[in-house]
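Enquirer: Protein chains in written order, with our numbering: chain U, 1 to 134; chain A, 1 to 134; chain V, 1 to 134; chain H, 1 to 134.
No lab work stands behind these hints: they were computed from the structure.
Incorrect hints may have been included.
Under the rule of at most 30 Å between Cα atoms (straight-line distance), these lysine-lysine pairs were calculated in the BS3-like manner [to be verified]:
hint	chain 1	residue 1	chain 2	residue 2
1	H	K119	A	K8
2	H	K35	H	K69
3	H	K69	H	K127
4	U	K103	U	K127
5	A	K31	V	K127
6	A	K91	V	K127
7	A	K7	V	K7
8	H	K66	V	K72
9	A	K53	A	K103
10	A	K72	V	K69
11	V	K12	V	K127
12	H	K103	H	K62
13	V	K72	V	K127
14	V	K12	A	K31
15	A	K66	A	K12
16	H	K119	U	K31
17	U	K35	A	K8
18	U	K72	U	K53
19	H	K7	V	K62
20	V	K62	U	K69
21	H	K31	A	K31
Number of protein chains: 4
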Amino acid sequence: MKEQIIKKFQMKVEFYDVDSMGVVWHGNYVKYIEKARCMFLESCNFTYIDMLKNGFVMPIVKMDFKYIKPLKFNEIFFVEIILIECECFLKFRYILRDINNNKVALANTSQVAIDSNTKLTLYEIPKILKQALI
Amino acid sequence: MKEQIIKKFQMKVEFYDVDSMGVVWHGNYVKYIEKARCMFLESCNFTYIDMLKNGFVMPIVKMDFKYIKPLKFNEIFFVEIILIECECFLKFRYILRDINNNKVALANTSQVAIDSNTKLTLYEIPKILKQALI
Amino acid sequence: MKEQIIKKFQMKVEFYDVDSMGVVWHGNYVKYIEKARCMFLESCNFTYIDMLKNGFVMPIVKMDFKYIKPLKFNEIFFVEIILIECECFLKFRYILRDINNNKVALANTSQVAIDSNTKLTLYEIPKILKQALI
Amino acid sequence: MKEQIIKKFQMKVEFYDVDSMGVVWHGNYVKYIEKARCMFLESCNFTYIDMLKNGFVMPIVKMDFKYIKPLKFNEIFFVEIILIECECFLKFRYILRDINNNKVALANTSQVAIDSNTKLTLYEIPKILKQALI
Numbered sequence: 001m002k003e004q005i006i007k008k009f010q011m012k013v014e015f016y017d018v019d020s021m022g023v024v025w026h027g028n029y030v031k032y033i034e035k036a037r038c039m040f041l042e043s044c045n046f047t048y049i050d051m052l053k054n055g056f057v058m059p060i061v062k063m064d065f066k067y068i069k070p071l072k073f074n075e076i077f078f079v080e081i082i083l084i085e086c087e088c089f090l091k092f093r094y095i096l097r098d099i100n101n102n103k104v105a106l107a108n109t110s111q112v113a114i115d116s117n118t119k120l121t122l123y124e125i126p127k128i129l130k131q132a133l134i
Numbered sequence: 001m002k003e004q005i006i007k008k009f010q011m012k013v014e015f016y017d018v019d020s021m022g023v024v025w026h027g028n029y030v031k032y033i034e035k036a037r038c039m040f041l042e043s044c045n046f047t048y049i050d051m052l053k054n055g056f057v058m059p060i061v062k063m064d065f066k067y068i069k070p071l072k073f074n075e076i077f078f079v080e081i082i083l084i085e086c087e088c089f090l091k092f093r094y095i096l097r098d099i100n101n102n103k104v105a106l107a108n109t110s111q112v113a114i115d116s117n118t119k120l121t122l123y124e125i126p127k128i129l130k131q132a133l134i
Numbered sequence: 001m002k003e004q005i006i007k008k009f010q011m012k013v014e015f016y017d018v019d020s021m022g023v024v025w026h027g028n029y030v031k032y033i034e035k036a037r038c039m040f041l042e043s044c045n046f047t048y049i050d051m052l053k054n055g056f057v058m059p060i061v062k063m064d065f066k067y068i069k070p071l072k073f074n075e076i077f078f079v080e081i082i083l084i085e086c087e088c089f090l091k092f093r094y095i096l097r098d099i100n101n102n103k104v105a106l107a108n109t110s111q112v113a114i115d116s117n118t119k120l121t122l123y124e125i126p127k128i129l130k131q132a133l134i
Numbered sequence: 001m002k003e004q005i006i007k008k009f010q011m012k013v014e015f016y017d018v019d020s021m022g023v024v025w026h027g028n029y030v031k032y033i034e035k036a037r038c039m040f041l042e043s044c045n046f047t048y049i050d051m052l053k054n055g056f057v058m059p060i061v062k063m064d065f066k067y068i069k070p071l072k073f074n075e076i077f078f079v080e081i082i083l084i085e086c087e088c089f090l091k092f093r094y095i096l097r098d099i100n101n102n103k104v105a106l107a108n109t110s111q112v113a114i115d116s117n118t119k120l121t122l123y124e125i126p127k128i129l130k131q132a133l134i
């Protein structure tokens, strides 16, 4: 993986995402980055369903967020997702920007592969996923 | 079932349940009544896990709500759950009240039993569940 | 309002919408129909933000669902939203269909207008909203 | 603040918290630690409502999670919350444990105080909150 793989998805703040302070509740960003991750994987033709078919799942083991600027109801924003690592862990970085390109939030996730049957952690990302991604 | 079986559970509004109007988002009442239903079933020693062990699941097929008075952050409220029917359908009624006994909302749910293996609808509630409930 | 006003929106099931039975958790349909309602209002150029600017809010007072066929992860579906009444209440009907046009679920919502300042219920939908909708 | 202030709260996994893998969806831990944080603040007699009354709010600016062991439906677990800093930031650490005292997850949050009127960041936690906490 010599070059970084970046994809960018447009989203919009729904009414049910906004808290009593009038801004998106911080926990809802977990949904936004999961949606971006699923769209990323789908654009590589390898969704969570394909993982299951190939006998593994990929739970999140680490996740962090930095919140910079609040998002409001009906606001359009963009999630940039960058594939950072695909060796022992599957790591993504996320940059959320508003319509004026201002950073809204940053996030990172790490996932491991787990064998669906044995429930044991696989110490490498399965080749079939690696090939789909890179 | 000659007498109505009623149980009552105390709950509290969390910050993440409140919308930008400063009141509990109407969709979150679905969680409150599900929590009451699970507590009801657990108090009868027959949870969703026992259903699965006995080869059936019980999806919601109908649900309705009437909203009377909004709930606010940190407010304590009560969910009364009443077993209405346990024949072809499992039907519950819910009355939500605030700390002054004012009605906050009303709801109803209907569930059917489905065979976990065949995915076919069972036209009666399994006896083992009936016996646990009544 | 002589003719029914119908709009149709495409949506997709996200991973975080699916429950342990492998189907969309019934409570998440509240989000799908709210999203459709907001898109409907936006297509009429009158969003919740415009309501606030005009001094009223429109809480849900009644809501019902009928679940027909489960939705699964990554499934594309459609929400048809139909304006049923716009007099004392704002009433919408919703028909959810899968990609093969099979009915997935039905729903109805009723909303009343409330004066933002006095918190009193308005016994008619404000004219400005009526004009935007019809 | 010479000694660490630790509080511990018991919680339970609800059906609607569990994802299609049969474990609590990772995003729902944000709710668990928020609930613990609100309970911590309430036990110090200083809730989010008191913050608003005193003219400030405290949004999350950083949050991280480490997931160690999955939680399942109906499982009882404990959230230990530890006050780490109360100077420029309000920082909490969270340790989630199952009923056998095994670590389930770790988390950290940082909050800043923001003036409700001016929307400007306050570079110190308001004294009234500090006094309530320590």
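Enquirer: Does each hint hold? Answer for all of them.
Expert: Cross-check of the supplied hints:
1. H:K119 to A:K8: violated (42 Å)
2. H:K35 to H:K69: Answer holds: K35 (chain H) to K69 (chain H) is near 20 Å, not above 30 Å.
3. H:K69 to H:K127: violated (38 Å)
4. U:K103 to U:K127: violated (34 Å)
5. A:K31 to V:K127: Violated, at roughly 35 Å.
6. A:K91 to V:K127: violated (41 Å)
7. A:K7 to V:K7: Not OK: K7 (chain A) and K7 (chain V) at ~42 Å, beyond 30 Å, violated.
8. H:K66 to V:K72: Roughly 28 Å between the alpha carbons, so the hint for K66 (chain H) and K72 (chain V) holds.
9. A:K53 to A:K103: violated (37 Å)
10. A:K72 to V:K69: Cα-Cα ~34 Å, so violated.
11. V:K12 to V:K127: violated (34 Å)
12. H:K103 to H:K62: holds (22 Å)
13. V:K72 to V:K127: violated (41 Å)
14. V:K12 to A:K31: Between K12 (chain V) and K31 (chain A) the Cα gap is close to 22 Å, so the pair holds against 30 Å.
15. A:K66 to A:K12: Holds, because 19 Å separates the two Cα atoms, which is no more than 30 Å.
16. H:K119 to U:K31: holds (26 Å)
17. U:K35 to A:K8: violated (38 Å)
18. U:K72 to U:K53: violated (39 Å)
19. H:K7 to V:K62: violated (40 Å)
20. V:K62 to U:K69: Since the Cα atoms of K62 (chain V) and K69 (chain U) sit roughly 35 Å apart, the hinted pair is violated (cutoff 30 Å).
21. H:K31 to A:K31: holds (13 Å)
Figure legend: structure checked against the earlier numbered hints; hints not met, in rising order: 1, 3, 4, 5, 6, 7, 9, 10, 11, 13, 17, 18, 19, 20.
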